[in-house]
Structure formats: C-alpha cells, structure tokens
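Model the placement of chain B on the given structure of chain A, informed by the hints.
There are 2 protein chains.
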Amino acid sequence: MQPFRKLALGSLLLALGAASAAANADALRDQANGIFKPIPEKPSDTLNPDQVTLGRQLFFEPRLSASHVISCNTCHNIGTGGADNVPTSSGHEWQKGARNSPTVFNAVFNVAQFWDGRAKDLEEQAKGPVQNPVEMHNTPKNVELTLQSMPEYVAAFGKAFPKDPQPVSFDNMARAIQAFESTLITPDSRFDLYLKGDDKAMNEQEKKGLQTFMSAGCIACHNGVNLGGQAYFPFGLVKKPDDKILPSGDKGRFEVTKTENDEYVFRAAPLRNVALTAPYFHSGQVWNLDEAVKIMGNAQLGKQLNDEEVGDIVAFLKTVTGKQPTVEYPLLPPSTATTPKPVD
Amino acid sequence: MQPFRKLALGSLLLALGAASAAANADALRDQANGIFKPIPEKPSDTLNPDQVTLGRQLFFEPRLSASHVISCNTCHNIGTGGADNVPTSSGHEWQKGARNSPTVFNAVFNVAQFWDGRAKDLEEQAKGPVQNPVEMHNTPKNVELTLQSMPEYVAAFGKAFPKDPQPVSFDNMARAIQAFESTLITPDSRFDLYLKGDDKAMNEQEKKGLQTFMSAGCIACHNGVNLGGQAYFPFGLVKKPDDKILPSGDKGRFEVTKTENDEYVFRAAPLRNVALTAPYFHSGQVWNLDEAVKIMGNAQLGKQLNDEEVGDIVAFLKTVTGKQPTVEYPLLPPSTATTPKPVD
Numbered sequence: 113m114q115p116f117r118k119l120a121l122g123s124l125l126l127a128l129g130a131a132s133a134a135a136n137a138d139a140l141r142d143q144a145n146g147i148f149k150p151i152p153e154k155p156s157d158t159l160n161p162d163q164v165t166l167g168r169q170l171f172f173e174p175r176l177s178a179s180h181v182i183s184c185n186t187c188h189n190i191g192t193g194g195a196d197n198v199p200t201s202s203g204h205e206w207q208k209g210a211r212n213s214p215t216v217f218n219a220v221f222n223v224a225q226f227w228d229g230r231a232k233d234l235e236e237q238a239k240g241p242v243q244n245p246v247e248m249h250n251t252p253k254n255v256e257l258t259l260q261s262m263p264e265y266v267a268a269f270g271k272a273f274p275k276d277p278q279p280v281s282f283d284n285m286a287r288a289i290q291a292f293e294s295t296l297i298t299p300d301s302r303f304d305l306y307l308k309g310d311d312k313a314m315n316e317q318e319k320k321g322l323q324t325f326m327s328a329g330c331i332a333c334h335n336g337v338n339l340g341g342q343a344y345f346p347f348g349l350v351k352k353p354d355d356k357i358l359p360s361g362d363k364g365r366f367e368v369t370k371t372e373n374d375e376y377v378f379r380a381a382p383l384r385n386v387a388l389t390a391p392y393f394h395s396g397q398v399w400n401l402d403e404a405v406k407i408m409g410n411a412q413l414g415k416q417l418n419d420e421e422v423g424d425i426v427a428f429l430k431t432v433t434g435k436q437p438t439v440e441y442p443l444l445p446p447s448t449a450t451t452p453k454p455v456d
Numbered sequence: 113m114q115p116f117r118k119l120a121l122g123s124l125l126l127a128l129g130a131a132s133a134a135a136n137a138d139a140l141r142d143q144a145n146g147i148f149k150p151i152p153e154k155p156s157d158t159l160n161p162d163q164v165t166l167g168r169q170l171f172f173e174p175r176l177s178a179s180h181v182i183s184c185n186t187c188h189n190i191g192t193g194g195a196d197n198v199p200t201s202s203g204h205e206w207q208k209g210a211r212n213s214p215t216v217f218n219a220v221f222n223v224a225q226f227w228d229g230r231a232k233d234l235e236e237q238a239k240g241p242v243q244n245p246v247e248m249h250n251t252p253k254n255v256e257l258t259l260q261s262m263p264e265y266v267a268a269f270g271k272a273f274p275k276d277p278q279p280v281s282f283d284n285m286a287r288a289i290q291a292f293e294s295t296l297i298t299p300d301s302r303f304d305l306y307l308k309g310d311d312k313a314m315n316e317q318e319k320k321g322l323q324t325f326m327s328a329g330c331i332a333c334h335n336g337v338n339l340g341g342q343a344y345f346p347f348g349l350v351k352k353p354d355d356k357i358l359p360s361g362d363k364g365r366f367e368v369t370k371t372e373n374d375e376y377v378f379r380a381a382p383l384r385n386v387a388l389t390a391p392y393f394h395s396g397q398v399w400n401l402d403e404a405v406k407i408m409g410n411a412q413l414g415k416q417l418n419d420e421e422v423g424d425i426v427a428f429l430k431t432v433t434g435k436q437p438t439v440e441y442p443l444l445p446p447s448t449a450t451t452p453k454p455v456d
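Chains A and B supply the protein sequences, listed in that same order.
The opening position of the first sequence corresponds to residue 113 in the working numbering, with each subsequent residue numbered one higher.
The opening position of the second sequence corresponds to residue 113 in the working numbering, with each subsequent residue numbered one higher.
Errors might be hidden in some of the hints.
For identical chains, the list gives no copy identity; a pair is met inside one copy or between any two copies.
Derived DSS-like pairs (lysine-lysine); straight-line CA-CA distance at most 27 Å [as the list claims (entries may be wrong)]:
no., residue 1, residue 2
1, 453, 208
2, 435, 453
3, 435, 271
4, 275, 253
Treat the hints as calculated values from the structure; they're not laboratory data.
Same shape as in the complex, but just chain A:
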C-alpha cells in the first residue's frame, strides 16, 4: 500500500469515526427534539402592548392586596427566577400559603395554572391570590374601587381595553396581568441552543444527563416546551415520599375534581430555570436539586438513581436556565382621596 493510500485510508477511518460520533450526537438531538421544544425567542406578537404595559404596573401593584403591601412580584419575584424561593409564601398577616409559589416565568406555556391546575390560564390564575384570605386578602369589588380611584389607571385601562364600556374591572385587571406575564419567558438556555443545533452549547456530562433524563423515564412527565407543566400525575406513583415532602393533608388535584383517582395528583412541575427556583415540590421542603432528583427517581420511577446518574441529570437541568427577562420597574399612580385605605 502506498503512503498516499495509507493516508487516505487513515483519513477515511477518521472521517467515518467522526461521522459516527456526529450521527450519535445528531441522534441524541433528534430524540430530544422529538420530546422537548425550545422556548420562543420572543413573546407572542398577538399581545396587546397597552395591556402589557398596564399589566406590568398591576404585577408590581401592592394596592391589589388589602394591606397595600403584597404584590404579584412579592411571591413571583422576577429577580429570583420568577418565584420567592421560600417553602411557602408569607401572605396577609404573615399567614403561610399552602403550597410553594410556582415560577411565573414561562408559565404561559403550561396547560393550566397552580400546582393542581385549578385555573385554566394566567388570567384565571391572577384572580386567585388577590382574593385568597391567606395571600392578598382582597375582594374584586375593593380592587375595582381601588383602581377606579386613580385617574392614571382609568386612562390606562381605557387605552388597554378601548372597546369595553367598563374598562376598569377585576376581569380586565386579570387580562392585563396575563398579557404582561406572557412576556416573562426565558429563551436561549444552553439546552435550547443545543436543540437548535449548537453542539458546543452543552458539554459531555450535560449531554449524558440529557440522555439519562430521557432513558430513565423522567420525560414521561417532564416533556414539551416547559419540561413539564403539560399534564397531571400522582406524586408517589411508585412509592410515596415521606409525609414532610408529600403531606397527607394536601390531596392535590382531588381538591379540584373530587375524584378519587386525583388524590395526590399534581401538575408535573415545569423544569425551566429549575436551578433558580429552590426549594422544590409543592411542599417546598427540599432545597437541593440532587436530592429532588433522587426523590423523584424513587417516587415516580421506582429507581435508585446512583450518584453519577443524579450528577449527570442535575448537570443537564442546569442547562435549562434561560435568559431572564429584563423589566423596568413601573411607576405607579398615587392614591387619591377615594382610594380605599389599607387594612392591617
């Protein structure tokens, strides 16, 4: 064999090897693209900009709460992953919420809102905490009186809902908040860049973690654009976690449907930005992502994931942190003589 041919053969073998590795890499990406979807680069262009602007004010508006202290941002803090990073939130008079506050980021892509999916969309969701006695402790009537008392809000609602004969309403408050929250998306995570073809966006361990995340069965619940948030599953499908993590008093979706099958059923947690949103689970009792992954392997899949598998999956999960939204703090109108006063 002549040197030229030897070289050519060597090159061919190298090329074949590279092609095979590339094929494997493409296979992993193809598989992933069949299961997940990147976050869109930009919010939906069907959003009404005037509603978004008004919604931004309302999201930061503490006067939606009876105390004038608590706003949406209190528990869905846009500086800390869209959540408040405590087990359960402190609401009116420091009462504790029943479940961990879910992130508002990318929530627009969930099939329904709240841990039990009891609100069909962000509009319906927004009305919940405002009225919840342990959260903002307010009433629709008082919210409307509050917003109607400020000429700047009257003008902003009129602009955002020009066809509505009564633009300043509790319903429109929720619609505007939904519009703003629909802009709170986190595109361009390293995982998304990888899905779109950038091989270098994830390292080998992270890709191995992705592989394990798929092959171990996590994707049965955690799939789609939000790696979850699309459907309901019993927590403790195979083995119930202990009472601290899955308190027996909270029967999840059963409270909504009153159907026995829905006992301890929850919406699969969306995992976007999960590295930013500890503590974990509806009970908010687990601070460590490694531990959360282990618990899920055990509870949902009946698998004792080993340390390497857990480490790989966590490495992968850290690649789904996207570009956090930038938001200018809104200027809120001053109260007037007719604005209802805060209550203690």
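Quick look at chain B alone, frame taken from chain A:
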C-alpha cells in the same frame, strides 16, 4: 397730542406694567432661590458605578431579611414615591414599624436619616432596618454568610470594593446600598424649572401658594434642596396635635440624645414628592395633604390657615413632584447549598 405719541405713550405704559409684573415675578423667584435649591439634574459623578450596580441588587434583595421576603424596596418602593404609603410598615412576622417609612428619593440630600436623625447618612441608615427585629430581623453575621455563599455576589463585591481585603462585608453592603440610593433623585419638578427661570412652569395659584408657604413661615423648617430634612424641630412647637397624630409614647429625637429639649423633636420632613407619599407625619395618621397643611399651620405656627391659603399651599406642594427614577429590576444570584435558609 398726536396719534403717534398717544400710541407711544400707551406702549410705554403697557411696557412699564409688564416690567413691573416681571419685576414682581422675578422678586418671588429671587426670594425662593434664596431659600430653596433645585434637585441636581444628575446623581453625583463621584459615585462608583460598580457600587451602584451592586447596591441596586442589594436594594431589591429579600435575602437581606431573615425571612427572605422583605427587601429595602418593600418599604421604600421605587414605584410609589420611594415609600410604602401605609401608616407604618409591616415587617418580620407582620410586626408594625414604629414610624411611617420615609421616602428614599432625594434622601441623600437630608442632613441625617430616620425621623429622629439617628443615622448620619444612608450608609448608616441601611444597617438599621436589616437588624431591626420588627423589620428585617437579620444579623450582620447572617447577612455576610448569605452574601458570601453566592459566587456572583462575591465577584460583584470584589469589583465594587477592589482595595478591600474582605470585600463581602456588612459595611460594604451598606456602602453599596448608599451608592445606589444616591442615584434615586427626582430632578425637574415644575418648581425646580420655575426656580431656574421658567415662569410658565407654575400657574398663578401655585405661585401664590409658594408666596404663602414663604410668608406664613413654613420655610422656617421646610427649606433647602429638600424643603426640609435639614434640621430638627419640636412637633407641636406652638400647640401639640392630638395623641393620634403625635402619640405621647414616641418622644422622637429624645430617644437618641436623652436630652429633655429633644422631647417630641423630629427632623423636619423633606417635602419633595410629598403628593406621592401619603400618609403623613411620623405616625402616618393623616392621609390628606390639605389636612396635613392645616395641622402644621396650627401646631407649628399657631395659625389657622384658611381654605384658600391651604388650597394655594397644596397647589404649590404638588409642583415639587419631580421626575421619578427609572430602574431596571435587577437579576439576583441564586442561593447555594451554603446560603442560610429563611426563618419563619
């Protein structure tokens, strides 16, 4: 007299009249400029931009509180005039603060901080609420452990305080917050534009209100760049307001100096943006600016201001609302395994 001369005389008289009105207008402005000063157009250029950036994060950082719920912005809300617009703030476990939360806007121009001036500057002030058991309920040690647990904060402190061998410290936290808060100024109020020569920036009633504000004696305490905030005076100098407005249990600056002369002495409230910062007084018991002006006339000057005078003064006070600061909500670093957990 020929028509030409007649015309000339008429013009002369008119011109004299205008000159006299202009002289009066200039006299009012000259007098005002001797007493007040406009807010600077821009924050001091001696501020360190890295400290400002870090301070912005810390100002919105709920993990400076033991509960991980309360940040500086909770009580000094930059969307609502730099204050929280409730009588007294709700702190840790919903405990009530002793006095109304003063605005952070233009606070850099006050002679000292807090209603009793017990902190000499914003740096010293920033350390107070963090440690106050009824406010953020934290300790310097725990704050340092918290900040040191996050690599992004370690890097940001290192950048902001490059010469400090131990950059992540409680003291430097306060310095960075001071730097950020020093940018929270509100220039270009209509009153400031008037002071600088724009006659049209204030209408006749507002100018009349300015005249009354000066001639009635309000300026004895409310002068300088912040229309107050420069010195200490007894509340109820002539006649004590009732116990609701001036609760006998709060002896003001006496608590600081233990000097009998300082009983019920407070720092004169700075009146910048006063239309945005109801309720009024250290007790936060008066919601209406008209009523506040009446009470002050009576308590401090022994004067029963009539409705016209009150209306004029309030019209003037509404011209001291400046351009509110625009602030991008900061991205805060995620907690780590070593970050101290929130306490209930």
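Against the structure, test the hints numbered earlier, and report the numbers of the ones violated in rising order.
none
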